[in-house]
Amino acid sequence: MKKKEIYTGTVKELKFPNKGIVCTDEGDVTVKGVLPGQTISFVLTKVKNGRFEGRLMEVLEKAPDERVSPCPHFGICGGCTYQNLPYGAELRLKNSQVQTILDRAVKGNYVYEGIIPSPLDEEYRNKMELSFGNEVLDGPLTLGMHRAGRFNDVVTVDGCRIVDGDYRLIIRKTLDFFSSRNIPFYRKHTEEGYLRHLVIRKGRKSGEILLLIETTSQLDFDMGEYAQMLLSLEGRGEDPSLSLRMTADGLTGKFAGILHLRNDNPADNVQGSDITLLYGRDYFYDEILGLSFRITPFSFFQTNTCGAELLYSKAREYALSVMNGDKVPVIFDLYSGTGTIGQIMSKAADKVIGIEIVSEAVEAARENAAANHLDNTEFIAGDVLKELDRIEEKPDIIILDPPRDGCAPKALSKIIDYGCRHIIYISCKITSLERDLLPLQEAGYRVIKAAAVDMFPNTANIEVATLLERAG
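When we follow the numbering used here, the leftmost residue of the sequence shown carries the number 1, and every step to the right adds one.
Simulated from the structure, these hints should not be mistaken for laboratory data. It should be emphasised that the depicted structure is a prediction, and the values quoted were computed from it without experimental measurement. The beta-carbon is built from N, C-alpha and C at its ideal position, and this holds for glycine as well. Treat the hints with care, since some could be wrong.
Here are the simulated lysine to any residue pairs, SDA-like style, with alpha carbons at most 20 Å apart [claimed, not checked]:
#1 K449 / E225
#2 K62 / T459
#3 K32 / R147
#4 K62 / S41
#5 K410 / Q441
#6 K205 / P119
#7 K4 / V47
#8 K32 / P119
#9 K394 / E469
#10 K394 / T459
#11 K205 / Y283
#12 K12 / D25
#13 K12 / N95
#14 K188 / L102
#15 K414 / I391
#16 K414 / E442
#17 K254 / G207
#18 K15 / Q441
#19 K386 / K414
#20 K12 / L60
#21 K46 / T10
#22 K347 / R316
#23 K4 / G33
#24 K62 / E13
#25 K429 / N95
#26 K429 / L102
#27 K4 / E53
Label pairs and their in silico Cβ distance ranges [said to hold, decoys possible]:
#28 G159 / K410: 28 to 38 Å
#29 D350 / G250: 24 to 34 Å
#30 M1 / R181: 48 to 58 Å
#31 R181 / D350: 51 to 61 Å
#32 P184 / K347: 45 to 55 Å
#33 R404 / D65: 40 to 50 Å
#34 K19 / P439: 19 to 29 Å
#35 E5 / G207: 51 to 61 Å
#36 F298 / N324: 33 to 43 Å
#37 S292 / P17: 46 to 56 Å
#38 N324 / M1: 58 to 68 Å
#39 R92 / R404: 16 to 26 Å
#40 G250 / N324: 46 to 56 Å
Model the full assembly from the supplied sequences, consistent with the hints where possible.
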């Protein structure tokens with residue numbers, strides 16, 4: 001097979017997260033963005049050590065389960081993977097991927113409990129981070145997601161199906177507002193421009209909206225006008241561009257706060273402390289399993305609130321299953337974020353200790369615990385590896401919920417050294433879990449049971465909760 005040549009073949013399987021194995025007369029080729037059963041044409045892009053990779057050109061024959069995507073941006077924006085599959089078919093695909101990896105990673109017998117569907121397969125996200133840009137060179141202002149495979153191109157996603165109508169309305173009105181004023185977006189290659197990112201968060205249970213707009217400091221623009229336009233969408237402000245109150249096409253939620261972040265760092269991420277509060281407060285509230293959580297612009301909080309209730313319920317079920325109806329003295333909640341899991345587990349222990357490196361998230365966890373009247377939780381700001389050396393208590397159960405890349409090897413080694421009888425490992429990237437299961441099993445842990453929870457419908461991502469037990 002030769003690079004840059006066009007070939008055809010049939011997708012025989014899809015490996016996690018989105019690697020299609022295409023069968024051709026010349027051999028198997030890995031191609032992303034495809035579905036099992038499709039016949040496709042592709043161009044060969046990489047040949048190395050007998051392995052071949054290609055880029056999708058055209059779907060010649062659809063897969064048996066394939067449908068027309070309900071999202072107008074599917075295949076253009078890089079956000080979703082499975083919008084062209086009915087939800088049942090997506091679940092079967094993800095379930096097969098998870099079980100295949102677990103069967104490969106787990107030594108000995110274990111119980112795989114299957115996949116738990118998300119309560120909502122559309123309009124489930126409670127957070128969107130959007131970029132300002134353009135879709136074509138010197139084209140009009142856009143606001144949305146980076147085009148698939150084209151980082152410099154930004155596609156407006158005001159028809160996105162994984163967020164609700166309030167997000168779509170805010171995107172449209174924000175784009176209209178700044179386009180009509182000819183406000184330029186920030187161009188990374190020249191480090192010139194103003195508009196950078198828009199972060200929208202909304203409480204699923206509370207309906208509260210927290211919005212943060214990120215810009216550079218290169219323009220002296222009155223963001224108060226923008227805040228008034230946003231408030232007009234719920235009937236609480238005036239839209240200066242229209243000189244009238246908005247009464248139709250309004251929001252279902254209410255703004256808890258509107259913030260303006262100035263950031264001149266060339267790195268393409270939302271960061272910094274130069275924040276002006278344009279309206280309200282710099283946090284909002286939402287609920288999980290009856291507990292209230294205060295969420296700030298940078299707090300980690302599961303993006304699927306209803307799905308998180310299922311995931312945390314499964315983790316709690318695993319913990320209770322090994323406790324024989326009694327409380328345990330100490331539970332460690334490592335990589336604890338805003339303390340959601342630790343607080344949910346607080347009734348099962350005399351004390352819960354959470355460790356999280358993001359200090360803002362730890363402060364939120366402490367405030368959340370106080371608001372929920374929980375006096376047996378302690379949340380520590382710091383690196384898990386370092387903080388474990390400073391804690392005198394020994395855990396009876398360890399709950400791990402690490403970032404996508406899994407546990408750092410040194411931290412995992414230190415966790416293993418506790419000799420804790422039970423570990424509950426919650427993973428948002430099953431290949432990282434696969435890697436971490438190897439040293440855990442070599443240290444004497446065995447996987448008792450595992451379950452997948454579809455926290456991210458229409459995408460290739462999946463959460464997995466695993467219960468491990470150490471012999472002796």
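We went through each hint and held it up to the structure:
In summary, the hint linking K449 to E225 is not supported, as the alpha carbons are separated by about 54 Å, beyond the 20 Å threshold. With a C-alpha separation of about 19 Å, the suggested pairing of K62 with T459 holds against the 20 Å cut-off. Between K32 and R147, the direct Cα distance comes to roughly 15 Å. Compliance with the 20 Å bound is thereby established for this hinted pair. As the CA atoms of K62 and S41 are separated by approximately 12 Å, the hinted pair is consistent with the 20 Å bound.
Taking the CA atoms of K410 and Q441, the gap is near 16 Å; set against the 20 Å cutoff, the hint holds. Only pairs whose Cα atoms come within 20 Å are accepted, and K205 paired with P119 is accepted, the gap being roughly 14 Å. Under the criterion of a C-alpha separation no larger than 20 Å, the hint pairing K4 with V47 is consistent with the structure, at around 10 Å. Pair hint K32 plus P119 does not hold up; C-alpha atoms about 28 Å apart against a cutoff of 20 Å.
The hinted pair formed by K394 and E469 meets the criterion: a straight-line CA distance of about 16 Å does not exceed 20 Å. Between K394 and T459 the alpha-carbon distance is near 39 Å, which puts this suggested pair outside the 20 Å criterion. Of the pairs offered as hints, the one joining K205 and Y283 holds, with about 15 Å between alpha carbons and a cut-off of 20 Å not exceeded. Taking the CA atoms of K12 and D25, the gap is about 13 Å. The hint holds against a cut of 20 Å.
Simply put, K12 and N95 have alpha-carbon atoms about 17 Å apart, close enough for the 20 Å limit, and the pair holds. Distance hint between K188 and L102 is unfulfilled; the C-alpha atoms sit about 41 Å from each other, more than 20 Å. The straight-line distance between the Cα atoms of K414 and I391 is roughly 12 Å, inside the 20 Å bound, and the hint therefore holds. A threshold of 20 Å between alpha carbons decides the hint, and for K414 with E442 the separation of about 14 Å falls inside it, so the pair holds.
Of the supplied pair hints, the one linking K254 and G207 holds, its CA atoms being roughly 6 Å apart against a limit of 20 Å. Restraint check for K15 and Q441: the C-alpha separation of about 24 Å exceeds 20 Å, so the hint is violated. With a C-alpha separation of about 10 Å, the suggested pair K386 and K414 falls inside the 20 Å cut-off, and the hint holds. Between K12 and L60 the CA atoms are separated by roughly 15 Å; this keeps the pair inside 20 Å, and the hint holds.
About 19 Å separates the Cα atoms of K46 and T10, which keeps this hinted pair within 20 Å; it holds. Between K347 and R316 the CA atoms are separated by roughly 10 Å; this keeps the pair inside 20 Å, and the hint holds. Simply put, K4 and G33 have alpha-carbon atoms about 18 Å apart, close enough for the 20 Å limit, and the pair holds. A distance of roughly 14 Å separates the Cα atoms of K62 and E13; the hinted pair therefore holds under the 20 Å criterion.
Distance check on the hinted pair: K429 and N95 sit about 14 Å apart at the alpha-carbon level, within 20 Å; holds. Taking the CA atoms of K429 and L102, the gap is near 12 Å; set against the 20 Å cutoff, the hint holds. Taking the CA atoms of K4 and E53, the gap is about 11 Å. The hint holds against a cut of 20 Å. Between G159 and K410 the beta carbons are some 46 Å apart, a value that contradicts the proposed interval 28 to 38 Å.
Distance hint check: the CB atoms of D350 and G250 are about 49 Å apart, inconsistent with the given range 24 to 34 Å. As the Cβ distance of M1 to R181 is approximately 52 Å, the hint placing it in 48 to 58 Å holds. A beta carbon spacing of about 58 Å between R181 and D350 agrees with the range 51 to 61 Å that was offered as a hint. A hinted range of 45 to 55 Å holds for the C-beta pair P184 and K347, which are about 53 Å apart.
In this structure, R404 and D65 break the distance hint of 40 to 50 Å, their C-beta atoms being roughly 28 Å apart. Checked against the hint of 19 to 29 Å, the pair K19 and P439 passes, with Cβ atoms roughly 25 Å apart. Restraint check, E5 to G207: a C-beta distance of roughly 54 Å satisfies the suggested window 51 to 61 Å. For the hinted restraint 33 to 43 Å between F298 and N324, the CB-CB distance of approximately 40 Å keeps it satisfied.
The supplied range of 46 to 56 Å is broken by S292 and P17, whose beta-carbon atoms lie about 33 Å from each other. Checking the proposed 58 to 68 Å range against N324 and M1 shows it holds: the Cβ atoms sit about 59 Å from each other. With their beta carbons about 24 Å apart, R92 and R404 fall inside the hinted range of 16 to 26 Å. Taking 46 to 56 Å as the suggested C-beta distance range, the pair G250 and N324 conforms, at roughly 53 Å.
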